[in-house]
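Student: Protein chains in written order, with the numbering used here: chain X, 637 to 956; chain Z, 637 to 956.
Keep in mind the hints are simulated off the structure, nothing from the lab.
Derived coverage of chain Z by chain X (criterion: at least 3 residues anywhere in the stretch with Cβ under 8 Å from a Cβ of chain X; other residues may be distant): (1) 718-730; (2) 742-752; (3) 781-789.
Keep in mind the model is a prediction, meaning the values are calculated, not measured. Idealized CB from N, CA, C, for every residue including glycine.
There are 2 protein chains.
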Amino acid sequence: MGFFSLVESSLEKVDGLLSQTLRQENALVAEVSDYLLRAGGKRLRPALVLLAGQFGPAGEALDTGLVTVATAVEMIHMATLVHDDIIDEAAVRRGIPAVRRQYSNPVAVLAGDFLFANAFILFARSTNVAIVDLAAQVVNVMCVGEIAQHRAQRQFSSEEDYWRRIEAKTGYFLEASCRLGALASHAPESSREALSRYGHYIGLAYQVVDDLLDWLADPSKLGKAVGGDLAVGIYTLPIIYARSQESYRKDLDHYLLSEGVLDHMQTIKDILDVSGALDYARQRAIDCVEQALHYAGQLPEIPARLALQELAQFIVARDY
Amino acid sequence: MGFFSLVESSLEKVDGLLSQTLRQENALVAEVSDYLLRAGGKRLRPALVLLAGQFGPAGEALDTGLVTVATAVEMIHMATLVHDDIIDEAAVRRGIPAVRRQYSNPVAVLAGDFLFANAFILFARSTNVAIVDLAAQVVNVMCVGEIAQHRAQRQFSSEEDYWRRIEAKTGYFLEASCRLGALASHAPESSREALSRYGHYIGLAYQVVDDLLDWLADPSKLGKAVGGDLAVGIYTLPIIYARSQESYRKDLDHYLLSEGVLDHMQTIKDILDVSGALDYARQRAIDCVEQALHYAGQLPEIPARLALQELAQFIVARDY
Numbered sequence: 637m638g639f640f641s642l643v644e645s646s647l648e649k650v651d652g653l654l655s656q657t658l659r660q661e662n663a664l665v666a667e668v669s670d671y672l673l674r675a676g677g678k679r680l681r682p683a684l685v686l687l688a689g690q691f692g693p694a695g696e697a698l699d700t701g702l703v704t705v706a707t708a709v710e711m712i713h714m715a716t717l718v719h720d721d722i723i724d725e726a727a728v729r730r731g732i733p734a735v736r737r738q739y740s741n742p743v744a745v746l747a748g749d750f751l752f753a754n755a756f757i758l759f760a761r762s763t764n765v766a767i768v769d770l771a772a773q774v775v776n777v778m779c780v781g782e783i784a785q786h787r788a789q790r791q792f793s794s795e796e797d798y799w800r801r802i803e804a805k806t807g808y809f810l811e812a813s814c815r816l817g818a819l820a821s822h823a824p825e826s827s828r829e830a831l832s833r834y835g836h837y838i839g840l841a842y843q844v845v846d847d848l849l850d851w852l853a854d855p856s857k858l859g860k861a862v863g864g865d866l867a868v869g870i871y872t873l874p875i876i877y878a879r880s881q882e883s884y885r886k887d888l889d890h891y892l893l894s895e896g897v898l899d900h901m902q903t904i905k906d907i908l909d910v911s912g913a914l915d916y917a918r919q920r921a922i923d924c925v926e927q928a929l930h931y932a933g934q935l936p937e938i939p940a941r942l943a944l945q946e947l948a949q950f951i952v953a954r955d956y
Numbered sequence: 637m638g639f640f641s642l643v644e645s646s647l648e649k650v651d652g653l654l655s656q657t658l659r660q661e662n663a664l665v666a667e668v669s670d671y672l673l674r675a676g677g678k679r680l681r682p683a684l685v686l687l688a689g690q691f692g693p694a695g696e697a698l699d700t701g702l703v704t705v706a707t708a709v710e711m712i713h714m715a716t717l718v719h720d721d722i723i724d725e726a727a728v729r730r731g732i733p734a735v736r737r738q739y740s741n742p743v744a745v746l747a748g749d750f751l752f753a754n755a756f757i758l759f760a761r762s763t764n765v766a767i768v769d770l771a772a773q774v775v776n777v778m779c780v781g782e783i784a785q786h787r788a789q790r791q792f793s794s795e796e797d798y799w800r801r802i803e804a805k806t807g808y809f810l811e812a813s814c815r816l817g818a819l820a821s822h823a824p825e826s827s828r829e830a831l832s833r834y835g836h837y838i839g840l841a842y843q844v845v846d847d848l849l850d851w852l853a854d855p856s857k858l859g860k861a862v863g864g865d866l867a868v869g870i871y872t873l874p875i876i877y878a879r880s881q882e883s884y885r886k887d888l889d890h891y892l893l894s895e896g897v898l899d900h901m902q903t904i905k906d907i908l909d910v911s912g913a914l915d916y917a918r919q920r921a922i923d924c925v926e927q928a929l930h931y932a933g934q935l936p937e938i939p940a941r942l943a944l945q946e947l948a949q950f951i952v953a954r955d956y
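The following block holds chain X by itself, in its conformation from the complex (with noise of 0.2 Å):
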């Protein structure tokens, strides 16, 4: 992705800690890591870390600093993906088998926890508790959220929920990633501000495209499953919208209450089309990304606001 060019060099620095913090003496930790950081991943909330962090003065303690957060952010990520796969019962993950298909249920728990406890090592070494508070709090909003969700399955919410759930889900981490990189390099409080709201548009915008691309992505493109959610019971927003048209309602709860329902998914998919939640959907991620660049618009004009800008923009484009 072109508008991480500017952090290109620290993102391979974020890679090299990450690598070295997980390279463990114990075989199966060392393997499972390995397995782990071989997937991949977008890399998005530490490039997030390091973009919010050109807002503050330079320096080379700032910049060890900012990589250093922007590695722990990713392990959170890393760990929250790895426990979420045991509780969605998951298969694939970053186009490999899952860390609870490829071992087992009780080695990802511990695969999960280990990352979460370095990442906490690494929060600490930014000797800012302020950093080390919101790092432990985006990880009790993502875990009340999911407690949420799990609660949830196979019932039907209004969209009011719909977006609550989803800024515990993502709009809080996106929002913390900024908010940590800019506490980091410490950023003026009007730039954290404007950086905070930002990061949480981009998250809400994120999840419903994520959540769109659960009924349109191409699964190999996507590294995982699509008509996940509606496996597991978890209807996202076109399903809301669509419910919400009485016309549609009787029609849909049919298909999504049968037995089976993975294989209604293209007659439901047809219904979202035509009720135009599919089109609702992505008006509504277009929507948050309208407002992330009006915040991004509040920053000082240097080369990573336009990568910001960037970046919102490549969000409701993706189709992986």
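Fit chain Z to the given chain X structure using the hints.
Tutor: What follows is chain Z alone, placed relative to chain X:
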């Protein structure tokens, strides 16, 4: 336990802060937390934080900080129990069904993560990153130890491996609990070192006795099933010692490697008894307690020292 009376009122504050932290708007989170809190527990680790915290200068702010760290330490412990029960497929914990049984594996994964996150939110309040770092190291060491133990299931190991394993599982956490208390209360360096060594040795003694109780305890007192280690193929000190004797090894291996090993529990226990393995393990625990008392003896003569000495002696005397 009488030796906790010195810090009784602070332990009550720990329970209060635990409830307050875990009480959440989310109904399921609140329910699981409440379930965990009602299960109780010995509160050994927070008590160590509080007792170790008596060796620094007194002060209201220090006391509040100490209670915060003690609470966070108990939350880390609760998180590891909830996750360990997934790994060991345990049915009962602290006398009631394990979270994974009462709810489900997904809820147990998330409840553990939620406890970790909230523990680090509390650690961050200490405004001392050395505290955050040490707490994260505890989780890291325990994960690496658990992964090693998981891989070593149904494999015979040396006594040296056993000591390394219990150091990771318990020794390091009890050592860290003492060190965290010393750090939070600004205890002088000399006390910090003696407290750490004390914690290390009572940790080892505690785990050796725990492993013995898995053979000898009354399940209703223990709050979990006996024979749990045997059931998942974890061979502890008594087995390792008995197998080190040529005359018992063959017989023992026959029963250990047979189908339905738990049906042979009494026979195996008899072999451990006549081979002197149970006595040997108890004596090693007593040796560790003596080491702990040696280090406690280096501490200033304040009431907390006596409490730590009594606690060390209780550890080998307990039957639950």
